[in-house]
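Asks: The residues making up each chain are set out below.
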Amino acid sequence: MKSTWSRFLSDYGMVLALLALCSFFSVVTYSEQSLSGEAAASQMSASLLQPAGASPRVLIVTRDQPEDLLFARRLEKELSGGKAVVVASVQGEPKDARAALEKIAGLGGRLDVIACTSASGSWQVFSGIGSSFPALGSPRVVTPRRYKWPIFLKTENLLNIANQIAVIAIVAIGMTFVIITGGIDLSVGSLIALSAVIACWVIRDATSGVAATSLGMIGACVAAIVACAAVGGFSGTMITRFGIPPFIVTLAMMLVGSGSAYLLAKGQSIYQVPDSFVWLGRGADLFGLPNAVVLMLLLYAAAHTLMSRTRLGRYLYAVGGNREAARLSGVPVERVLLFAYVVSAALAGLGGVIMASQLKSGSATYGNMYELYVIAAVVVGGASLSGGEGKILGTLIGAFTIAVIQNGMNLTNVESYTQKVVLGVVILAAVLLDRVRHR
Amino acid sequence: MTHAAQTVASPAPAPLLEMRGIHKSFPGVQALRGVDLTARSGEVLALLGENGAGKSTLMKVLGGAHRADAGEIRIEGLPRALNSPMDSRNARIAVIYQEFNLVPALSAAENVFLGREISRAGFVDQAEERRATSELFQRLGIALDPAMPCRELSTAQQQLVEIAKALAFDARILVMDEPTAALTAHETERLFQIIADLKKAGMGIIYISHRLDEIFRIADSVTIMRDGGHVADRPIGAITKQQMIELIVGRELQSEFPPRDARVGDPRLEAIGLRRGKSVRDVSFAVHRGEILALTGLVGSGRTETVRLLFGADPRDGGEIRLDGRALDIRSPRDAIAAGIGLLTEDRKLQGLVLGRSSLENFSLPNLVGFSKRGFLRLSREREEFGRYAKTLQVKVSGPDQRVGHLSGGNQQKVVLAKWLARQCDVLIFDEPTRGVDVGAKYEIYLLMNQLAAEGKAILMVSSELPEVLGMADRVLVMRGGRIAGEIRDARRATQEQVMKLAFD
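Line order of the protein sequences matches chains X and P. Mapped onto this note's numbering, the consecutive letters of the first sequence carry residue numbers 1 to 439. Mapped onto this note's numbering, the consecutive letters of the second sequence carry residue numbers 1 to 505.
Simulated from the structure, these hints should not be mistaken for laboratory data. A portion of the hints provided could be inaccurate.
Chain P stretches covered by chain X per the calculated footprint, using a threshold of three residues with CB under 8 Å from any CB of chain X [unchecked claim]: (1) 352-359; (2) 362-376.
Over the 10 Å line for every Cβ pair with chain X, so calculated as not near, a few chain P residues [as the list claims (entries may be wrong)]: (3) HIS23; (4) ILE75; (5) VAL124; (6) GLU187; (7) SER279; (8) ALA313; (9) SER332; (10) ARG334; (11) THR345.
Which residues of chain X face chain P? A few of them, derived with a C-beta cut under 10 Å, are [claimed, not checked]: (12) ALA223; (13) GLY233; (14) THR237; (15) THR240; (16) ILE244; (17) TYR271; (18) GLN272; (19) ASP275; (20) GLY313; (21) ARG314; (22) TYR315; (23) VAL319; (24) GLY321; (25) GLY387.
On a predicted model such as this, the values are computed, not experimentally measured, just so you know. Note that beta-carbon positions come from the ideal geometry of N, C-alpha and C, so glycine has one too.
Could you put together the complete structure from these sequences and hints?
Replies: Rendered as structure tokens:
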């Protein structure tokens, strides 16, 4: 009996490659940086209130940005909770800081500390402050503590990777089903566009546009997904009933889908949607995880259960492995294939809705070339294009491998053209590695 | 004379082919452990052994398809390294595998010269290739159009193309793996004639077969393998069939067929006027409770086509199917399985098994409804059942998760059997149940068929092997040209001649 660990590695060997990539980018992006936001505020207030009983007079100066605002509010709250006196809190540009300093000096106030973020701390206005504003005494300029940590491994970056890949990863679930049955679905990229356009079009024209209700928006999204599923049903029927190769059918549907999206959107971008439409794509309600990522994880859990613990999952593998043997064993081959194509198209529809939500508009240009990234994710994840082999979690790993490479190259300022070359080589290398391992 | 002195001094000429101490292992399996084999010019060497004994692996080493881990290969006394099929061809070795290496879309001539095209000014000289091929066909004494695409040729004809291919590069060693498995009696005769001619021309032939009667007819000596090892070398005159079987299975065996005590009851499965195109024309018969009914005839007589209609694998043009007196509406294998009919297909690799998946998954495929609750699989239950059947049928498998494609032929057949037994079918159709199955496993399969019949199931067996038909069946139906040509009521007392008469008319 093989140990669970070694079986896991043989099933999901790409995990090692993914970890290696993560370590590489962690090392490369290792650099000095400072705390920011609320974490920085907590750390700073604690140090300013030392020794116990200290009561410094503090001016808070930050830029006028959401993260800085969080910092300023939290710091003000925590300092006021101690014995410190917050003289003022300024958000803006250096001239605003100067104005505030002049005002405090004019009123004859004294300052012990100027609390800054790492950005505002380097403003010229604070250098030589003792001589320019003698009235203030000699305030210290305090910035958040600096530390060394890979940019790649910062929480925001990791969440960013997950959010960036969510659409591809979700569409890749359906593609995995299709590829396991020995087929291929080239239409998913176009269906992403079609779905995004339909969703936004319904919101604009059938509900009240910018003033649409949640229910209206949900209805529009469901309509978009159902429309895509219908396209998948059509492809599946062509493939099972008429025996047309999946490559040809879905190639045709790719053109039909893309063209329809352009026709429907009249070649323009549809942006008359409510602000709240971005909830799915940009919101983050659960432990700070983006909603799209939560949805992705739920879908992966469901798909993994389907593949490993249900009859339908077994049938998908059997149909892909040997269609005739499956048929002669009583597997409803046509229904199984139809399921795969409908799910693939419906998930492409969901991907389109998420993308529309992320970008707060719908356009026929979305999803361009996505079918190739999605297929790449599935293949890097270990599925065989000849069918009968592949794992859902492998696909998730494959999608993340692609996302990590893209993200890592962005962080290390690799040109986008070079990125394409590297990505192509990596996909080939991943599949090669898999082949060699299974020799 | 110096010349004569040299001749006298030189040792006996080295054999055409010597393989010494060949080792080969695959992940988790030691397939060959030090096998020796000697083949001589102008002789047929029969290579015998159970499925999984390592015969095919040894021949793949010879063909350059597998590389031996250790061992030595000498051709006429000189060591040769056979690291690729090209090396083997250069050593003038031709291997005809069970699955032929022919490109279906190319013509016979193009296949014969595949990889060694005759060219003129950089273009393939088709006329010359066809001329040369038809010369080879003449040498083999066969009438075949060299321009015919291989996919339109019968199995026997494809085999002849393979032999022509070997002759075309002047092979001295010819390996044939189960060449008669898919041939009719007539075609087998012709093949034997060709083998005799090749022998006379000085070729060394290595012949793999499970049909021991054949071996006695054509072989000059036998080499027997068991469990990847070498067991014995004997001249054909120094061994009996009984001894051969004992050496193959490694234990004493009483009889080829188990004793059978048939208790035949009411009709279970009835076919009434089944029709499909030209292959099945108005076929009617009934299989009874507790009966083993054999359906035989030449290849192409409509046997397999008939059982495929019963199972819903092909649509029928007309006819009725009844089970225990009630009419069934069978339109697909799903319907047939639901009604309690199971079919063990003649070609387990193409139709019976999903080779890339595990033994467990293959076993479960028709049984998943029973192994699941509201669509979710009960994995432990499934494993238990697999374990139970694997133990009963003595399937040699490293575990439920072993790929079924990695099992030997006999064990693959047992997995197919297990999957239908677990389905608890009332009617079991066995299409060539022992094809490519070794002697020991054959006996076990026969025992099981008897046991199933005794449980009241109805068994319909399609077989080309007459000893099996007469040894196992209670009643025999012989087909010819899509019709039932005749019936033999007491199979035990019938002779092969009676059956052949009906089959040939």
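Asks: Of the numbered hints stated previously, which ones are contradicted by the structure, given in increasing order?
Replies: 8, 9, 10, 11, 12, 13, 14, 15, 16, 17, 18, 19
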